[in-house]
Amino acid sequence: MKRIPTALLGLGVLALVVVILPFTATNYLLRLTTIAFMYIALASSWNIVGGFTGYPSFATAAFFGIGAYASGILRAASSLPLPVTWLFGAAAATVFSLLVGPAILRLRGHYFAVASLVLAAVLREITNAATALTGGGMGLNMPTSGVVNVDMQTRLYYVSMLTAAVLTVSLAALIWRSRLGWAMRCIEQNEDAAIVLGVNTLATKILGFAASAATAGLVGAIYATWIGYIDPTDAFDDLLSIKPIIMAFIGGVGTIFGPVAGAIIFLVLEEFVWRNVLNFHAGILGIIIVALLVFMPGGLGSVGRGIERLRAYGRAGGVGGAAPPVVPS
Amino acid sequence: MLYVQILINGILLGGLYACIAVGFSLVWGVLNVINILHGSFIVLGAYLAFFAYTKLDIHPYLFAPFAALVLFILGYAVQLTIINRVIEAPVLVTLTTTFGLALLLDNLMLVAFAANFRKVSLKPPLGIIDLSDTFPSIDLIVPVDRLASMLFALLFVGLLYWLLRHTVVGRAIVAVRMDRYAATLMGVDTTKVFAVTFALGAALAGAAGALLSPIFPISPLAGTTYLGKAFVICVLGGLGSVSGALVGGLVLGVLESFGALFFGPEHSLTLSFTVLILLLIFRPNGIMGKRGFV
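If you read the sequences in order, they're chains A and B. Under the working numbering, think of the first position of the first sequence as 1, with each following residue one higher. Under the working numbering, think of the first position of the second sequence as 1001, with each following residue one higher.
None of these hints come from the bench; they were simulated from the model. Remember, it's a predicted structure, so these values are computed and weren't measured experimentally. What you were told as hints is all true, and nothing was included just to trick you.
One side only, chain B facing chain A, incomplete, derived with CB under 8 Å: (1) 1082; (2) 1086; (3) 1091; (4) 1097; (5) 1099; (6) 1106; (7) 1111; (8) 1231; (9) 1267; (10) 1269; (11) 1273; (12) 1276; (13) 1277.
C-beta atoms are modelled at their ideal positions from N, C-alpha and C, and glycine is treated no differently.
Construct the complete structure from the given sequences, taking the supplied hints into account.
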């Protein structure tokens, strides 16, 4: 009984900070927090497929880009209010996931990974070629949101991204507690056994995929109007698929609050790198990714074990082949 | 006659594609690692060839074995120090690790070589063979640089085939490909075999990079394009087999050439990726339909 008040207290403090921030913080800090909300949403969104069902999904960039382009095109062509275009973006991503999901979710392991990775590349090429609709490589400019004041604009997107993050984490938690979540965890542990037990695995995976698509699409849609400009390499960037995975790894794959914590830690790391080594930030990001996966495959929860491995690395030299698989497979 | 010309173009391209993909296919088949670094290795090979030609005046075709050697050493080191530590981990971890390494290598190349597009312009240019000179009724041309690149590429692919079939190391690689645990029981040092295999994959990427440097423009971020082709070829031909990569490369080359004719060149990548997804769903073991071991 002692744990619940502490958790509630922590959540309360967090909520208080989030509410007070828009009234006190600078626009820079607010912008950074908005990115944090975006990362939290993306990491939690990936976690529904990658963590709960254990499917190695690299499709986040595809969902994000579809959401961004669907809302961007609607926004540029009509005067509908922003939330409507955002929901349209989320819906478009969901429809896309329902179209490709039944096909590629039959694949397993490496084949699923490659198929999901290729989705973003295909969409990138299609958007590049469909110049009339998307502006092609020139990108798509969005009309301003009507709120001209910079301070108001910053706060508008702060609240919007916050809403997206809360929605995504809540959806993940809801799925986790439901029958669907049980079925997903069965698939994660042993898909064949799940089938034998009568779990409709394909339907379960499709629902998870769609939930992930809807949330990532929503984030992409908000992002598009926030930045005001999207282009194919930006909206379908492969890094958008990789970063959420890294965040989930930092905090703990397959948990509810792991991706949340991981996203915040990742953002702090990334911002630090961005500010200090602008020319080489992608390289440093690569080093961080590799170091994390090699030394701390269980996330920051396994810092102790990571240090141990670091020591063993120095001692044992080339015999790393015997390292146990530490990540749930 | 137009179709025959396009078929010729496709086959010329296909030989080079086979060389691009065969190393990637080998690594995927033997180590069970999807090596995102492969595209960057190809680009690095192309840069080495570019500087060898502009600074040292060494012809790219002559330089290809040296590019392969340099990449072999790099690949060996990368596998032993990094990849080997995650080799038993699920695909999510191995793929993301190689992605991180590719980010690093791409950025290093970006800083070292700048983002300019470069190309090896052979002096004198190799020109073309115009078949209508000798046979007036046949109106076809064959670009000599592409032909030479294809032949050298096929030579490297053939060399790998010979190595896998007729050397001790090669037989060990094939054994690990078939069953890594049984191979361990037979006394094969899998750690070493993994390192050699990864290094061979990198070496072939380096050779392919040198061979394509006179044909395609070189830029630090071109790696993903080649990587995408390697994906498609692997799935087309089936994993981990030399003949599969050869068939897949030729099929993709011809497919892209005709795709560019019918749908326009801007859609060729979309076409090949669509084929990839369809194949993954209906024939995940490749058009040849079985798992090949050599």
